[in-house]
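Colleague: Here are the chains, one letter per residue:
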Amino acid sequence: MLPYLTEHYGNPSGVHRISRMARLAVDEARDTAAECLGCEPGEVVFTAGGTEADNLALAGVRARRGGIVMCTAVEHHAVLHTTEMLDGTVVAVGPDGVVDLERLGDSLHDEVSVLSVMLANNEVGVIEPLEEVAALVREKSPSAALHTDAVQAFLWLDVATMAAPADLVAISAHKFGGPKGVGALVVRAGTEVGPIIHGGGQERDRRSGTHNVAGIVGMAAAMRATVAERTTMVERVSALRDRLADGLADAVPGTIETVPRDRKVAGSCHLRFEGVESEALLVLLDDAGVCASAGSACTSGAMEPSHVLTAMGVSRADALSSLRLSLGTTTTDDDVDLALKTVPDAVARLREP
Amino acid sequence: MPPARVLVAMSGGVDSSVAAAMLVEAGHDVVGATMKLWGGAGDSGCCSVADVEDARRVAQQLGIVHHVFNFGEDFETRVVEPYVAAHAAGRTPNPCVECNRHLKFDRFLHRARRLGFGAVATGHHARVVQGSGRCQLRRGLDATKDQSYVLSMLGQEQLARILLPIGELTKDQVRARAAALGLRTATKPDSQDVCFITATGGRRAFLGDRIGLRPGRLVDSSTGDDVGGVPAVELVTVGQRRGLGEGPGGERRYALSVDVAASQVVVGPLHELDTEEVGLTGLGWVDEPVVAGRVVEVQCSAHGRPQPAVFTGDGVRFDERQRRVAPGQTVVLYEGDRVLGSGIAA
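Residue numbers (the working numbering), protein chains in the order written: chain A, 1 to 353; chain B, 1 to 346.
No lab work stands behind these hints, which were simulated from the structure alone.
Hints are not guaranteed to be accurate.
As the list claims (entries may be wrong) - Now the in silico label distances, taken between C-beta atoms and shown as ranges:
| no. | chain 1 | residue 1 | chain 2 | residue 2 | range |
| --- | --- | --- | --- | --- | --- |
| 1 | A | D246 | B | R5 | 28 to 36 Å |
| 2 | A | G289 | B | A179 | 31 to 39 Å |
| 3 | A | D250 | B | A160 | 34 to 42 Å |
| 4 | B | A143 | A | P353 | 36 to 44 Å |
| 5 | B | G212 | A | R65 | 38 to 46 Å |
| 6 | A | D87 | B | A160 | 29 to 37 Å |
| 7 | B | Q61 | A | L2 | 28 to 36 Å |
| 8 | A | G289 | B | V295 | 52 to 60 Å |
| 9 | A | G289 | B | Q60 | 42 to 50 Å |
| 10 | A | L5 | B | Q61 | 27 to 35 Å |
| 11 | B | R5 | A | E257 | 52 to 60 Å |
| 12 | B | Q60 | A | D337 | 52 to 60 Å |
| 13 | B | T144 | A | L5 | 39 to 47 Å |
| 14 | A | P129 | B | E25 | 53 to 61 Å |
All C-beta atoms, glycine included, are put in the ideal place defined by N, C-alpha and C.
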């Protein structure tokens, strides 16, 4: 990335020799992205992150085609809030967090112009059945575009294959080791997406604004590395996750695993500890050097009960006792040991009468 | 007090900023926390996103860890809903008192204890004085900023674990210290009124959304005649004059009693508001219960003037007749600058 913040400072949209190096870098990054995402280079639209990619997918289709936007109740807020803003329809999920195909089938109709179903959920890790969803769309709403938010999925899953049934695919670089503030939307040929950011007409008029060259180069490098190492990494992290989840289930009475492990991504360990306020638990874990999460944080930094758990039918009290321990490529055995030592103590302390 | 682990409730205002700074200077192991209490519209008080940011930035400046606790649901059920219910019943509640009772010195204090903190601190202008194993709650040094009234529900168990460092300073001194430390909150205006009531909409807009306000009739106390109306009977407070019109000879009218169920406000001249007694419910004591017959001073609003009175066992009798206390108001009993306890006006 560094050369594109220093000597190759050119704007890829320029026509002179200084710009040429930047242009070359963006073109090569686009080729890499296309290869890793299973699409053509011309189908890659670089954005300033996953949220923008999701917004572009939904609002972009709607801008061109009108119609109704639809998504599942467990989508990331980037999709959910965009759908709500566009007066769209939200479809229920089952208790496992998987989209309810029967209800989806009942909800789909000719007026739907874009349906958004995420590939892997960011909070509980569950993987959605995109193939079945695509079949339903073809049957009930053949003119609708299928969008998938693969932001959380790319690190763990073969997105090039698994997202193949989708017309639109959103990713974000920082979820797989790339820099923050850069992402991409795959717009397959034949899918009409109007711009939501207007200006100089970059990205074939689909996304105006000067390219974040260093970010795009960084994302491409991270994509290449992810795809190369994915299989061995997933195997390694799965084993760590299993040790963590098994260890906590053994050490902490009343531990509930939110989603069965065979239905979710390798890095997700999402648990509930009956009767424990996760907001207090996070403070104790932070003190001990364990960085965890629960629900989602609002602008002020306050934890809100998770809309994902609510959509899965989890009670408010249970939703407020959840803990999200995420593992990544750099997670080590020592990290798991620390969590296995810290979490049971902290839970026990919070459960003291 | 020897160095301890202290959790400071930081609202993002100058008082709690300086409270945190003083505890850090005193060598305590300090962590800051901001309670997110109100998610709805509000522009006059605490816990907006900007205030949480101020608290966080001050904590960074002081080199202490800062957390945000989302107590929004408790605030709704413990403070906002009772506030609305009280108005719906024609009473005049003190939501700040209930917030201190249920949120700051119950929920927050419990959380702090769970997390291993020996004490909590706030930026209130009042003083906790320790002596021979007992705690006294006293007025803050700055008489114009004293907040002991809204802390009057505190008992021994809570006071033993509360630090109020700001109570030893005047407001000017607080601001001077904040300025000397270069804290970004040094010149921030004081919070005003109830945090969930906006300056633009006021109680009318807030309660109108929640319960729907109903017009009421004004009934003359001596003749029983219908002498006019008010747009919202739920917003009339006993003792109020504004909006009630004048008698035929231009006499000022005051609200003597409010009957929401009957949509009726009895109005009359000022002298009919005079009373020598107020009955109290929910009495609570800072230390030993006050016995009937004890001479006390009584304060009936946050910045009201203390009145000499005698505790009767279930209320107080004023030495001099004074204006009736609106039902629902907190009535605090003092001895000099020391809080003895409090109750709610019946």
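Colleague: Now look at each hint and say whether the structure bears it out.
Modeller: Cross-check of the supplied hints:
no.: 1; hint: A:D246 x B:R5: 28 to 36 Å; in the structure: 34 Å, holds
no.: 2; hint: A:G289 x B:A179: 31 to 39 Å; in the structure: 36 Å, holds
no.: 3; hint: A:D250 x B:A160: 34 to 42 Å; in the structure: 39 Å, holds
no.: 4; hint: B:A143 x A:P353: 36 to 44 Å; in the structure: 43 Å, holds
no.: 5; hint: B:G212 x A:R65: 38 to 46 Å; in the structure: 43 Å, holds
no.: 6; hint: A:D87 x B:A160: 29 to 37 Å; in the structure: 55 Å, violated
no.: 7; hint: B:Q61 x A:L2: 28 to 36 Å; in the structure: 32 Å, holds
no.: 8; hint: A:G289 x B:V295: 52 to 60 Å; in the structure: 58 Å, holds
no.: 9; hint: A:G289 x B:Q60: 42 to 50 Å; in the structure: 19 Å, violated
no.: 10; hint: A:L5 x B:Q61: 27 to 35 Å; in the structure: 30 Å, holds
no.: 11; hint: B:R5 x A:E257: 52 to 60 Å; in the structure: 34 Å, violated
no.: 12; hint: B:Q60 x A:D337: 52 to 60 Å; in the structure: 31 Å, violated
no.: 13; hint: B:T144 x A:L5: 39 to 47 Å; in the structure: 56 Å, violated
no.: 14; hint: A:P129 x B:E25: 53 to 61 Å; in the structure: 59 Å, holds
Against the hints set out earlier in the document, violations occur for numbers 6, 9, 11, 12 and 13.
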